[in-house]
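Please model the complete structure; the sequences and the hints are all you need to start from.
Chain by chain, the residues run as shown.
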Amino acid sequence: MSESNKAANTVAAAAVARYRNNFLKEVEERVEDGDMVKMCMQCGVCAGSCPLGPHWEHSPQKIFMMIRAGKRDEVLSSDSMWMCTSCYNCIVRCPRQLPITHIMHGLAHYANRLGMVPKGQPTRDIAKLFWDNLLKTGRVNELKFSLAMYFKDGFVQGIKNALAMQGIGLSLMKAKRLSPMEIIGGHKCKDQSGIQKMIAKAREIEDRRRGALA
Amino acid sequence: MAKKQYAFYPGCSSQKGASGSNFATSIQLMNEKLDIQLNEIPDWNCCGASIGYGEGSELQRLVLNARNLALAETNLPGQDMVSGCPACWLATREAAERLHKHDNLMTDTNEALKEAGLNFKGTVKARHMVEVLVEDIGFAGMKAPVVKSLDGLKIAGYVGCQTNRPFGIAGESFENPMYLDKMIETVGAEPVAFDQKVTCCGGALAFSEPEKSQKQIKDIVEAAYDNGAELIVTPCQLCQANVEIYQSEINKKKGTSLNMPVMYYSQLLSIAYGGGAKEAGLDGNIIQSAKLLEIAGKS
Chain A
1 MSESNKAANT VAAAAVARYR NNFLKEVEER VEDGDMVKMC MQCGVCAGSC
51 PLGPHWEHSP QKIFMMIRAG KRDEVLSSDS MWMCTSCYNC IVRCPRQLPI
101 THIMHGLAHY ANRLGMVPKG QPTRDIAKLF WDNLLKTGRV NELKFSLAMY
151 FKDGFVQGIK NALAMQGIGL SLMKAKRLSP MEIIGGHKCK DQSGIQKMIA
201 KAREIEDRRR GALA
Chain B
1 MAKKQYAFYP GCSSQKGASG SNFATSIQLM NEKLDIQLNE IPDWNCCGAS
51 IGYGEGSELQ RLVLNARNLA LAETNLPGQD MVSGCPACWL ATREAAERLH
101 KHDNLMTDTN EALKEAGLNF KGTVKARHMV EVLVEDIGFA GMKAPVVKSL
151 DGLKIAGYVG CQTNRPFGIA GESFENPMYL DKMIETVGAE PVAFDQKVTC
201 CGGALAFSEP EKSQKQIKDI VEAAYDNGAE LIVTPCQLCQ ANVEIYQSEI
251 NKKKGTSLNM PVMYYSQLLS IAYGGGAKEA GLDGNIIQSA KLLEIAGKS
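As they're listed, the protein sequences go chains A and B. The first sequence runs contiguously to residue 214 in the working numbering. The second sequence runs contiguously to residue 299 in the working numbering.
Think of the hints as simulated: they come from the structure by calculation, not from any bench. A few of these clues could be false.
[As the list claims (entries may be wrong)] Simulated coverage check for chain B against chain A, where a stretch passes if three residues somewhere in it have a Cβ under 8 Å from a Cβ of chain A: (1) 46-57; (2) 180-191; (3) 202-209; (4) 266-273; (5) 280-290.
The model shown is predicted, which means the values in this text are computed figures rather than measured ones. For each residue, glycine too, the CB sits at the ideal point set by N, CA and C.
Right, here's the structure in full:
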């Protein structure tokens with residue numbers, strides 16, 4: 001078992017022990033803006049405002065009611081949070097002013113941390129590639145990020161993906177909006193080690209605050 | 001006239017050779033003509049963008065943004081922080097406001113920032129380039145340097161999401177903001193009615209859920225055609241890239257023949273202020289507008 005899987009299992013076990021039968025409390029304490037979930041009055045404006053509405057399994061409205069009903073596994077393994085495009089329609093329209101986008105992001109992050117996201121969830125996968133990419137140098141390397149996305153499902157699929165997108169890639173290079181030079185060096189921050197240290201520290205502080213074992 | 005000074009946060013996409021590099025080109029002449037001076041924040045880092053939440057925690061993302069705010073506060077004191085990228089602006093402004101509101105988050109953030117030798121006091125205001133134009137320069141001010149009218153050009157003003165929500169430009173509505181249409185009028189062009197003005201292009205999900213976001217993009221481009229637009233103009237780097245780049249993919253899959261130019265507001269202003277195709281960064285566009293190229297080529 002990998003180190004990150006072990007850590008996810010430890011966090012998950014601690015959460016289950018602490019919040020047995022009270023998933024709302026778990027969300028309130030552990031999920032970003034989770035304390036606002038109970039404010040939902042089930043009007044459904046968020047469900048009707050989401051651009052990816054036809055594609056998710058549960059609307060935010062349903063997710064919030066499922067949290068109150070203690071449907072822990074169903075909520076944390078739902079693909080709904082991963083359909084968020086961060087358009088913020090739901091936030092500005094919610095009559096109870098729930099920060100819905102933040103809660104959905106928070107639930108996605110928490111599910112990921114517990115290792116409960118369905119395997120191969122594409123937005124989870126690219127979110128991880130993106131975060132790892134930006135932390136390496138402090139800035140996003142668009143070429144390496146694109147290549148990592150193409151090759152995330154293996155070499156053969158990667159070549160197929162790259163070939164399918166080569167027209168777009170070449171036209172971007174021609175327009176000087178994608179640089180082949182990024183593969184060797186690329187843009188970066190000077191204080192990369194300071195950035196990495198402060199990010200590690202932030203995780204340490206959060207673990208301390210939430211009393212989690214990670 | 002003394003130039004207005006701002007701490008500039010370019011963001012990853014505005015770097016040389018990156019997807020929004022032509023935006024960065026196009027604001028140079030625009031800002032010069034408007035007496036705006038952007039002072040780049042030294043050693044700025046990525047904001048985490050709208051997809052960072054998957055892996056990055058709440059405090060980690062706050063700290064990423066606080067580092068940029070602290071660098072601005074320390075190195076460019078008294079200057080508002082300005083970003084041209086809606087995602088950079090949103091992430092930074094959200095961080096600044098949260099830190100201002102919650103003392104415990106500020107304490108935790110500064111404990112982490114110490115690892116990078118920094119401290120944030122909370123005095124910096126995070127603003128968008130469009131806010132600077134609308135609030136500090138004003139529409140009359142934007143009109144003053146116009147030497148070439150973009151007369152007769154029909155343009156769909158596509159505001160998108162993150163320039164508009166959750167913060168938006170003060171005094172504008174979330175459902176039908178008017179500032180982009182007014183900017184189009186300022187350069188002498190004609191804003192068309194555009195029912196997809198604030199529709200999401202799919203954002204970062206263009207990478208992970210291509211079918212779903214290409215449906216969004218198709219609706220946006222087709223609405224621009226339906227309303228007689230000759231080009232789309234936007235304030236957002238990701239909107240620009242998604243809506244322009246994927247038209248060829250949509251054509252392949254759906255048998256359409258979409259070929260709608262998608263430009264930045266700053267490219268229009270740059271041309272109206274006398275800039276040529278190169279100064280306006282038109283060479284960075286994959287789909288060209290023959291009319292705009294012609295206007296840019298006139299001396």
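Hints versus structure:
no. : hint    : verdict
1   : 46-57   : holds (count 11)
2   : 180-191 : violated (count 0)
3   : 202-209 : holds (count 7)
4   : 266-273 : violated (count 0)
5   : 280-290 : holds (count 4)
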